[in-house]
Every structure is written in C-alpha cells, then in structure tokens.
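Produce the entire structure from the sequences given, and follow the hints as far as they go.
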Amino acid sequence: MTYILDDYAILSPLRSKNNWLKLAIVGFGILAGVSSSSPLVPFTIALCMSFATINFGKIPAKFYFKILAVPAGFVLVSIVIIAFFFGEGGNLFEFDVFGYTLGVSSQGLNMALLILARTIGGMSCLFFLSLTTPMIELFSVLKTAKLPDSFVEISMMMYRYIFVFLDVAMGIKYAQTVRLGYHDFKTSFRSMVMLGANLFIRSWEQGEKLYLSMNSRCYDGKLIMYDEKRPVKMPELLLTGVYFAIVLTVFYFTRGMSFI
Amino acid sequence: MHIFEGFLPSPWWQAWFAISIPVILYGMYKMNKLVSERREVVPLLAVAGAFIFVLSSLKLPSVTGSSSHPTGTGMAAILFGPAITAVLGVIVLIYQAIFLAHGGITTLGANAASMAVIGPLVAYLFYKAASKAGMNFYLNVFLATAIADWVTYVVTSLQLALAFPSASGGVLASFAAFAGIFATTQVPLAILEGALTALIMKYVVQIKSDVLVDLNVLTTTAVTKLKEAMQ
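So the protein lines, in turn, are chains P and W. For the first sequence, position 75 (counting from the first letter as 1) is numbered 965 according to this note's numbering, and the numbering increases by one without interruption. For the second sequence, position 42 (counting from the first letter as 1) is numbered 153 according to this note's numbering, and the numbering increases by one without interruption.
The set of hints was computed from the structure by calculation and includes no laboratory data. Take the hints with a grain of salt, since some may be wrong.
The calculated EDC-like cross-link candidates involving lysine to aspartate or glutamate, where the alpha carbons are at most 20 angstroms apart (straight line), are [what the hints assert, rightly or not]:
id : chain 1 : residue 1 : chain 2 : residue 2
1  : W       : LYS319    : P       : GLU1098
2  : P       : LYS1099   : W       : ASP325
3  : P       : LYS1099   : W       : GLU339
4  : W       : LYS144    : P       : ASP1039
5  : W       : LYS144    : P       : GLU1118
6  : W       : LYS141    : P       : ASP1117
7  : P       : LYS1112   : W       : GLU148
8  : P       : LYS1112   : P       : GLU1098
9  : W       : LYS336    : W       : ASP325
Please read these numbers as outputs of a predicted model, since none were measured by experiment.
Okay, structure coming up:
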C-alpha cells in the first residue's frame, strides 16, 4: 500500500547521532535553499544531502531515487505553468493556441528552473531527516521546545496508532482484494466504504480501551520518556562545518546569477 | 494536493505561517481546555488523528487510475469542530511530510492553511448551516466534505497564484491557470470523497450511533429518526 520512511530511519546508522545536530543540518539546508537566488545553491545542497543519506545513512540508492520522484507530478505541472505565465521581457519561444500566443520568457524559464532546483534541494533535506531520524527521537525535541503537553501527548499516541491502524487497514484490504473486492470501480468503492467505516468504529473502540487501560495505570496526562544524551563528536562537527562552508560559498558567489 | 518543500519562495511561506499559526494556537488552547475538563478525550483525539492519517494514505479508486487520496479533514471537522481539526491536521501534515514524503517544512504553513484550517472551517460552517436548515444528514455530510475537499484545492491554487503572479494578467490570470488544472481535476475526486464519507457515516449510524451523539454531531432524536428511515 504505502511505504513508511520511518522503517528505514530505525535501521539507519545515523540514528544514534545527536538530534539537534541533524536538525541544524536540515534546517540550514532548507533555509539556504529557499532563500537562494540561483539554482546552483539548492543543487549543491541536494548533492551533499543525497550523498550523506545514501553513504552515511546506508539507504539503498534505488529506493532513494524512487522517493525523490514522488513530488515529480505536481512539480512538473506547476513549473510549466510558471514558465509560461511568470516574468516579462522577450519570449525565448512561443506558439499560437486558438489565437492566443503562449510564450516562455527568459525570466519565466529562470524562475521555473530555480523552483525545480529548490524543490529537489528541499526534499533531499527532508529525506535526510526522515530517513535517519525516527519519530520517537523527535518527541524529546518537541518536549524541549516547550510545545504544550497535550499536543506532544496526542502526537505520541497518534504515532503509535498510525501503525496499529495501518496494519488493520492493510489486513482488511488484503482480505477484500483476494475476494475480488477491487475488481471494478463499483465494487472497489463499496469495499473502500466498508474499510473506512470499520476502521473508524474500530479506532473508536480502541481509543476507549486505551483510555481505560491507561487510566487504570495512573495516567495523569503526562508520559515521561527517556532522553538519551548523545554528545556531538569532532568528525561530525567538522563535516557539518565543511558542508555549511561549501553551501555558503556557493551562495555568495552565485547571487543574482542566472543561466539563460 | 500538498505543496512540496522549497516550492514557495519567501515572503509567501512566512506569510502562510503567519496566517495558520494563530488558528493553530487557538486550536491548541481549545484542546487544552477540553483535555483538562474531560481527560478521556486525549486517547480519543489521538486515535482520531491516526484515523485521518490512515484514511488520507488510502488510495481512492479513481477512474483514471491516478494516485489520489481523501483529505479526511472534512469528516474530522464535522466530528470534532474546526479548532481541534486544525491541531490534528497539523500533526497529520507533519507526519505525512516525514513518513510519506508528502509536503514539506517551509510549506507546512501554506499546507496547514489550506488543508487544516480553511477546508475544515468551510465544511463545518456548511454542515452547521445546513443541519439548521433541516437538510438530510447524509446529503449534508456529502456536500460538506465534497466542498471542503474542493475548497482545499482552490486555496492551494490561490497560494501558488499569489506566489507566482502572471506577468500580463497578474494574480488572476495565473490563478485561472493553476485552478484550471488542479481544481477542475479535483471535482470528481471531491464528489468521490463526499460519497465515501457519507456512506461511512451511514455505517457509523447503524453500528455505533452513540459516538455521534457524544460528539454533538447529531441529537438522539435525529439518530432514532435516521435509524427508523433505514428499516
């Protein structure tokens, strides 16, 4: 049905590294990428992050490139629109459709390329985080960030129940499929409704049971968790510094640069 | 449709954060109040959030075979109200970004505005207004969730159009282009999601109607009436 990136994160060797260091790397990459004015900066970021994810994070390269193509549909349609509608100046090429002239200006094409590069750069940063840091590691970060207890609590329980319900949903779906429940549009719609309704009712009962079981174990609205101390080691710090320096250098030298 | 990481340039991603953060804070305040009054809702809200996530990760059977999935937030808005749906929706969006590579961090504000704030709010207002006017419950749920799903896409198109205005026609021209592609293709899917949610509700009324009464979605008399109509 669907792959969960968390499964890979739990096995990743980078899991045992300091969470704040990883968050700093990702946050820096995302911000530098989104505020860059030339496609080279996000491209550099994408290159570094993909290398780090595949090489240090031991993620299969084939799988990595497969998930990098996930946003492709949305991004390609949108950048075509941007290329045609954005920017002024002389058109690089144009053609007539039903009496309207559609043209791509150099400004529009530059913008489209920049957006494409930014999306790839941003997604590779996001993948670095989600493929090396399981969500359980991030809950302590959320707590330290002083988010309301009920918010963190609900996110934690939700995290647990996502896997429970995915399991239930996959089981039901499999059972429906082997009984030809998805063989044409009408039956698959019917199966989908049954699946959704049963999932809702089952989740509700599960929630009531969860409340009872937690209450009988003296739950008072706070789950305490263990936050492991992981000092940042010198080589990691050095590598991060080199990465920051490369990106900042590229950022500085390519200000306002465009390809076309 | 989620806007992916890095797609919105600055001032726009910050602007959408500025719009959605107050609503989410208000939702958190509401949720904290509800939780301190009735502690048993914490696990219920958590499983509801997980349900939205799983529902939104199921592929809808669509005619073209494209990968499209229900947003699930319209249903949550009818059940829990828009403020709490905003908070649950944000958590779901963060999980979708991190687990499924759908969405992003800088675009979280924009995605939250369309999917967790505006869509559910529209669904909720429509549902309340129509149930006051005495509309049939299932038709009401169908319309409310279908409209919420569709509005989500219109808002996404608007967000893209505002960030990338057309040189000749301004925001309006590029809005027409984005909406022409994203909002029109979404119409059949919105109808499908509406029908799906209405039928799910029918099952819920049949099997576990006390939940709907607990959540103030329906009154006891309305439930008995619906049950009588089914027999």
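Hint check:
Restraint check for LYS319 of chain W and GLU1098 of chain P: satisfied, since their Cα atoms lie roughly 13 angstroms apart, inside the 20 angstroms limit. Of the pairs offered as hints, the one joining LYS1099 of chain P and ASP325 of chain W holds, with about 16 angstroms between alpha carbons and a cut-off of 20 angstroms not exceeded. Between the alpha carbons of LYS1099 of chain P and GLU339 of chain W the distance comes to roughly 30 angstroms, so the proposed pair goes past 20 angstroms and is violated. Between LYS144 of chain W and ASP1039 of chain P, the direct Cα distance comes to roughly 12 angstroms. Compliance with the 20 angstroms bound is thereby established for this hinted pair.
Restraint check for LYS144 of chain W and GLU1118 of chain P: not satisfied, since their Cα atoms lie roughly 32 angstroms apart, outside the 20 angstroms limit. For the hint linking LYS141 of chain W to ASP1117 of chain P, the alpha-carbon distance of about 29 angstroms lies beyond 20 angstroms, and the restraint is violated. A distance of roughly 15 angstroms separates the Cα atoms of LYS1112 of chain P and GLU148 of chain W; the hinted pair therefore holds under the 20 angstroms criterion. Proximity of LYS1112 of chain P to GLU1098 of chain P is assessed by CA-CA distance (about 18 angstroms); at most 20 angstroms being required, the pair is judged to hold.
Straight-line distance between C-alpha atoms of LYS336 of chain W and ASP325 of chain W comes to about 17 angstroms, which keeps the hinted pair within the 20 angstroms bound.
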